[in-house]
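J.: So the sequences go chain by chain: A and B. Just add 506 to the spot in the first sequence (first one is 1) and you have the numbering used here. Just add 506 to the spot in the second sequence (first one is 1) and you have the numbering used here.
Treat the hints with care, since some could be wrong.
For identical chains, the list gives no copy identity; a pair is met inside one copy or between any two copies.
[Unchecked claim] Pairs of lysine to aspartate or glutamate, EDC-like flavour, derived with a Cα cap of 16 angstroms: (1) 634 x 602; (2) 746 x 696; (3) 686 x 847; (4) 686 x 818; (5) 746 x 700; (6) 686 x 696; (7) 634 x 704.
Derived by calculation from the structure, the hints in this document are not laboratory data. A quick note: this is a predicted structure, and the numbers were derived from the prediction, not measured.
2 protein chains.
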Amino acid sequence: MNPNQKEIEEKRGGSGKVGKPLLRVLQGEVLERPPIWIMRQAGRYLPEYRQLRARSKSFLDFCYAPALAAEAVFQPLRRFPLDAAILFSDILVVPDALGRSVSFVEGEGPRLDPLIAEDVWRFGEPEKAIQRLAPVYETVERIKAGLDDDIALIGFAGAPWTVATYMLQGEGGEKDRARKAVYQRPADVDALLDLLVETTARHLAAQVEAGADCLQIFESWAEGMPPPLFERAIVRPTQKLMARLRGLGVSVPVIGFPRGAGAQIAAYARATGVDAIGLDTSVDPAWAREALPSGMALQGNLDPLLLTLGGDALSHGADQVLAGFRGAPHIFNLGHGITPDADPAHVAALVTRVKDGV
Amino acid sequence: MNPNQKEIEEKRGGSGKVGKPLLRVLQGEVLERPPIWIMRQAGRYLPEYRQLRARSKSFLDFCYAPALAAEAVFQPLRRFPLDAAILFSDILVVPDALGRSVSFVEGEGPRLDPLIAEDVWRFGEPEKAIQRLAPVYETVERIKAGLDDDIALIGFAGAPWTVATYMLQGEGGEKDRARKAVYQRPADVDALLDLLVETTARHLAAQVEAGADCLQIFESWAEGMPPPLFERAIVRPTQKLMARLRGLGVSVPVIGFPRGAGAQIAAYARATGVDAIGLDTSVDPAWAREALPSGMALQGNLDPLLLTLGGDALSHGADQVLAGFRGAPHIFNLGHGITPDADPAHVAALVTRVKDGV
Numbered sequence: 507m508n509p510n511q512k513e514i515e516e517k518r519g520g521s522g523k524v525g526k527p528l529l530r531v532l533q534g535e536v537l538e539r540p541p542i543w544i545m546r547q548a549g550r551y552l553p554e555y556r557q558l559r560a561r562s563k564s565f566l567d568f569c570y571a572p573a574l575a576a577e578a579v580f581q582p583l584r585r586f587p588l589d590a591a592i593l594f595s596d597i598l599v600v601p602d603a604l605g606r607s608v609s610f611v612e613g614e615g616p617r618l619d620p621l622i623a624e625d626v627w628r629f630g631e632p633e634k635a636i637q638r639l640a641p642v643y644e645t646v647e648r649i650k651a652g653l654d655d656d657i658a659l660i661g662f663a664g665a666p667w668t669v670a671t672y673m674l675q676g677e678g679g680e681k682d683r684a685r686k687a688v689y690q691r692p693a694d695v696d697a698l699l700d701l702l703v704e705t706t707a708r709h710l711a712a713q714v715e716a717g718a719d720c721l722q723i724f725e726s727w728a729e730g731m732p733p734p735l736f737e738r739a740i741v742r743p744t745q746k747l748m749a750r751l752r753g754l755g756v757s758v759p760v761i762g763f764p765r766g767a768g769a770q771i772a773a774y775a776r777a778t779g780v781d782a783i784g785l786d787t788s789v790d791p792a793w794a795r796e797a798l799p800s801g802m803a804l805q806g807n808l809d810p811l812l813l814t815l816g817g818d819a820l821s822h823g824a825d826q827v828l829a830g831f832r833g834a835p836h837i838f839n840l841g842h843g844i845t846p847d848a849d850p851a852h853v854a855a856l857v858t859r860v861k862d863g864v
Numbered sequence: 507m508n509p510n511q512k513e514i515e516e517k518r519g520g521s522g523k524v525g526k527p528l529l530r531v532l533q534g535e536v537l538e539r540p541p542i543w544i545m546r547q548a549g550r551y552l553p554e555y556r557q558l559r560a561r562s563k564s565f566l567d568f569c570y571a572p573a574l575a576a577e578a579v580f581q582p583l584r585r586f587p588l589d590a591a592i593l594f595s596d597i598l599v600v601p602d603a604l605g606r607s608v609s610f611v612e613g614e615g616p617r618l619d620p621l622i623a624e625d626v627w628r629f630g631e632p633e634k635a636i637q638r639l640a641p642v643y644e645t646v647e648r649i650k651a652g653l654d655d656d657i658a659l660i661g662f663a664g665a666p667w668t669v670a671t672y673m674l675q676g677e678g679g680e681k682d683r684a685r686k687a688v689y690q691r692p693a694d695v696d697a698l699l700d701l702l703v704e705t706t707a708r709h710l711a712a713q714v715e716a717g718a719d720c721l722q723i724f725e726s727w728a729e730g731m732p733p734p735l736f737e738r739a740i741v742r743p744t745q746k747l748m749a750r751l752r753g754l755g756v757s758v759p760v761i762g763f764p765r766g767a768g769a770q771i772a773a774y775a776r777a778t779g780v781d782a783i784g785l786d787t788s789v790d791p792a793w794a795r796e797a798l799p800s801g802m803a804l805q806g807n808l809d810p811l812l813l814t815l816g817g818d819a820l821s822h823g824a825d826q827v828l829a830g831f832r833g834a835p836h837i838f839n840l841g842h843g844i845t846p847d848a849d850p851a852h853v854a855a856l857v858t859r860v861k862d863g864v
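So here's chain A without its partners, still in its complex pose (with noise of 0.2 angstroms):
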């Protein structure tokens, strides 16, 4: 056990309630002080991360090692007290699970062969797909085995819309062709997000079978969507996969992430069935209050620009998130995942902040 571990535990365990903290704001319960945890806390800011990702060749290859993958996890763990693990994974093992060639490029993002109309049809086996993600319900059993009783473990995937983006697209840059797509072939795409549904609903519940708390569901490509495509490939995909998942008996509280939807996050938390609402760095808290469900547990939502920076903008910065939320059930992260040129001391400072206030 690490030094710092004892003092840890013991800043984690520190209110004396019975449940995870991050359990208990996600069932609507206001605590003194947000849990925290970090998009992408197990990254590339972390040198030990760097270390442990030398070890394997493709990123992909990383994320199907149970043995690395959880050991990315453990890593921040080490170093802060947060309150949630969240399984090392990616949201393109759907794709590649399901026959999709994806391979990483450095700096420049995932690269998959772009789908022509049939394929849709042609690949599509959620069955074969979860056998083949065996190695990553092994990570999360490893994971919860080594876990704290307090620290959550979030298990994860991209929403039906975001994984047919990067199908559809075959790279990041490209987002137009995605939404040409839903434009130009509708019925195509919808066979599309319903395997993504399928898939995504059976790879989330072997997660918790696996020993997941709760799910995120990442929405990366919410941004720019007119209302009625956002209707059309967000919402009612993400309803489709709240219903299945509920149908396949997972009862775990679910958190939706639809980053860039801007006023249109209030439509998603309504009508999706989301237990709880990421929310990123753009959303003003005074407005998420009014305009979400009352009593939906909200998670958020940091400028990560500030953990590059540190020092009082930090700290400031990190006093106004907590203020904006404060007497809601409130779960503090950063409003977009934690980039490499973070300082890992920054990180430090701004858990004590949310923890201790000081």
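Given the coordinates of chain A, assemble chain B onto it according to the supplied hints.
T.: Relative to the frame of chain A, chain B by itself:
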């Protein structure tokens, strides 16, 4: 006169009522069919524009050539019965006139020398900048002289934050650099914003003096701004700009277009003093009508992608926008500028759909 010109004029003046339709809507009037113009309606999707543009070596030279810039403005009006002409210029003429080196790199967008701190005070001379911008006002005069009575002439400028973003970062891609500057040296950024408020107010006032009937302020970098920065760098400077404009005796209506601002549009609409709001593609008309001050004219917000597709997708999309704003003071437009791959035939079909419902 183009053979279609008479028919086009009849379509425009069809209502028989007094005043330019666009200005009537900006004053809060609800018309049976909304007036329409298209952001970047003078632009690369028109072959005659590409031909005209080839006569000038650099894009900024083109902007500073009144005969060429005015001709670009008239080109789309000869094709389509649009209700407004917009000055052909660029938001970066302001930093250019303030002495920054601006250049446009084909396919990459604008480049400016990055700003260093003391620069902010060193080069700021609003009066000299306005003198340098004389060709822009001559362009406005030329457009005004050739414009049909029913067509409104829109002047424009970039909002202080959007222009500052370009000045602070040097080029389009690296948005973080400007946001970082607000955190790291807020006083410098405030000084820069104040300089831009003063210069932009005078620039807009000069356009009105030359004949502009109304104005649009482009806030193209409102996206992803944390609420405290949105308030400091967007709302406050726009407030100051509006107050200064009114102080200079400018009374024409002003459309604010805070692109990507999401739910923060509501704060922008309430606090800045603009008369009307341009809505980007992602804004739900129903939400805007409820969240923004009652009776405020709303402009937007068709997905520009539909002008590359045409057909049923375009008609259906246009009808959804029309229905969404029916009963409100509405100016039909896109939610973002028209793209170079748009088909002029689709633009013609859109204008007919909006004006005649067929």
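J.: Take the hints in turn and mark each one as holding or not.
T.: The hints, checked one at a time:
Proximity of residue 634 to residue 602 under the C-alpha cut-off of 16 angstroms is restricted to the intra-copy arrangement: shortest distance 11 angstroms within a copy versus 59 angstroms between copies. With identical chains, the CA atoms of residue 746 and residue 696 are at most 16 angstroms apart within one copy only, with a shortest distance of 12 angstroms there and 48 angstroms across copies. For the homomeric pair residue 686 and residue 847, the shortest alpha-carbon distance between copies (13 angstroms) is at most 16 angstroms, but the shortest distance inside one copy (35 angstroms) is not. Taking the shortest alpha-carbon separations for residue 686 and residue 818, only the inter-copy value of 13 angstroms comes in at or below 16 angstroms, while the best intra-copy value is 45 angstroms.
Taking the shortest alpha-carbon separations for residue 746 and residue 700, only the intra-copy value of 8 angstroms comes in at or below 16 angstroms, while the best inter-copy value is 50 angstroms. In this assembly of identical chains, the alpha carbons of residue 686 and residue 696 lie at most 16 angstroms apart only when taken from the same copy (13 angstroms versus 41 angstroms across copies). Taking identical chains as interchangeable, the C-alpha atoms of residue 634 and residue 704 lie at most 16 angstroms apart only when both belong to the same chain, with a minimum of 12 angstroms there against 64 angstroms between chains.
Checked against the numbered hints given earlier, this structure breaks none of them.
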